[in-house]
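Colleague: Build the full structure now, drawing on both the sequences and the hints.
Top to bottom, those sequences are chains A and B. Residues 97 to 361 in this note's numbering are what the first sequence spells out, letter by letter. Residues 97 to 361 in this note's numbering are what the second sequence spells out, letter by letter.
Don't read these hints as lab results, they were simulated from the structure.
One copy or two, it doesn't matter: identical chains are merged, so the pair holds either way.
Dumping the calculated DSSO-like pairs for lysine-lysine here, alpha-carbon to alpha-carbon at most 27 Å: (1) Lys-280 with Lys-238; (2) Lys-266 with Lys-358; (3) Lys-227 with Lys-238; (4) Lys-227 with Lys-280; (5) Lys-109 with Lys-328; (6) Lys-266 with Lys-352; (7) Lys-266 with Lys-282.
Protein chains: 2
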Amino acid sequence: MIIVGELINASRKAITDSIKNRDVEAIQTVARQEHEAGAHYIDVNAGIFLDEEEDYIRWLVQTVQAVVEGPCSIDTPNPRAIEAGLSVHKGTPMINSISLESERYNNMIPFLAGTDCRIVALCMSDEGMPKTAEDRLRVAEKLVNRLVQDRIPLENIFVDPLIQPVSVDKTFGIEFLKAIALIKEKIAGVHTMCGASNISYGLPGRAFVNQTFMSMAIGMGLDGAIVNPLDKRMMGNIIAAEALAGRDNFCMNYIKAHRAGKFEF
Amino acid sequence: MIIVGELINASRKAITDSIKNRDVEAIQTVARQEHEAGAHYIDVNAGIFLDEEEDYIRWLVQTVQAVVEGPCSIDTPNPRAIEAGLSVHKGTPMINSISLESERYNNMIPFLAGTDCRIVALCMSDEGMPKTAEDRLRVAEKLVNRLVQDRIPLENIFVDPLIQPVSVDKTFGIEFLKAIALIKEKIAGVHTMCGASNISYGLPGRAFVNQTFMSMAIGMGLDGAIVNPLDKRMMGNIIAAEALAGRDNFCMNYIKAHRAGKFEF
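Modeller: In structure tokens form, the structure reads like this:
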């Protein structure tokens with residue numbers, strides 16, 4: 097399971113301030129915490145800054161990688177910010193995220209075609225957000241085909257079927273879950289990915305709902321998640337669910353994590 | 097989701113004593129607690145007593161139904177104990193459980209054929225316990241066919257694909273989960289059911305593992321579970337997972353349960 101740490105995101109007030117003040121210490125503390133908790137990629141997002149996004153992304157990538165030995169997830173559809181991030185990034189980053197929307201795709205692809213970047217591919221097209229599992233599969237197939245034609249290796253693509261709040265429509269959860277299984281079955285070799293928190297929008301006890309949903313998605317074959325790795329219950333859920341989904345020989349990872357007492361079980 | 101309360105089981109020391117002493121008060125207290133926590137059926141099991149099982153099952157059914165307005169799950173393969181339980185049971189009980197093992201099937205079916213009992217049908221045959229999801233489906237298909245020929249309505253059959261410990265073989269969890277989805281897809285109209293606790297045998301943090309697995313099974317379409325309804329986290333998991341699986345209009349059941357503070361979320 098690929099864990100992308102979501103905390104360095106300018107939409108969070110503390111991070112907005114840290115970025116504005118170029119507070120190296122504050123950003124590095126969060127990056128280090130996420131890495132130590134098990135994040136494989138540190139997401140960096142400066143989307144709210146618009147004109148300065150390019151500079152800030154460059155600064156964030158350098159600031160994070162000065163203390164974390166691992167890649168970033170460059171979280172923007174802005175081609176200039178991607179270019180800026182890539183110019184300083186060490187190793188192979190994740191790009192979060194492209195979609196089948198024409199403008200977004202055409203703007204981003206020149207910076208990604210032929211690279212080894214891991215790419216989050218949202219199931220979103222010019223027709224909007226798909227509703228059913230089958231609709232998601234259709235968008236995923238088109239998007240993956242285009243990416244492969246543009247020389248992105250299949251195994252570097254992480255399809256995100258997109259979660260919508262289950263409080264709005266009771267089918268939104270199950271159609272997403274079925275989409276994970278369907279995409280893994282029909283597009284053999286591709287990966288899947290999601291951020292979970294949208295599912296619980298409008299509900300009480302959101303953290304618990306997100307954790308429960310994550311376990312269900314892992315049962316369906318989910319390969320990666322954009323989460324808060326400092327959420328000890330969420331990480332405990334992911335580790336247990338992976339063992340239950342057959343991805344943990346003799347449950348050794350679960351048993352070790354349980355013994356270490358780092359997460360909540 | 098059908099909840100069967102598992103606590104009145106003679107393999108538990110406190111219950112052994114209560115049964116031996118014909119302690120009406122003790123049994124009724126547990127039955128009432130299970131019912132109030134949301135159990136739709138109160139399981140009664142006196143299997144360890146062998147010769148007295150028949151008498152004890154009769155007494156347990158009467159004792160439980162004197163205070164609980166709801167059915168029992170008569171938990172025995174012993175045809176005389178089934179007959180005794182049925183002779184005093186009010187309403188429609190569940191029978192836990194039949195299997196495709198010849199002796200068990202042939203002994204039990206005369207007391208069940210043509211009745212309206214809900215029947216738990218274990219995926220177990222004379223060849224032993226199946227390993228893969230496909231093996232489970234094959235046993236389920238044969239067993240369901242025989243039951244239907246013996247005039248058990250399809251919708252009264254609850255197939256239990258049987259859980260084995262994931263600590264023994266990492267595929268045991270995922271093959272069970274896939275079996276749930278496969279059985280629901282291929283035998284349209286049949287129900288599925290399980291007890292969850294076997295999955296965590298040999299692991300630390302068993303309650304958490306059981307809860308996580310239950311959520312994953314509900315995502316696959318599980319219709320019922322034999323659980324401890326007094327486990328507030330387990331019940332919270334079931335209620336949240338049901339909403340996430342699309343079985344709770346506007347999440348009203350989840351929201352109400354959350355507000356009532358009866359379970360842990």
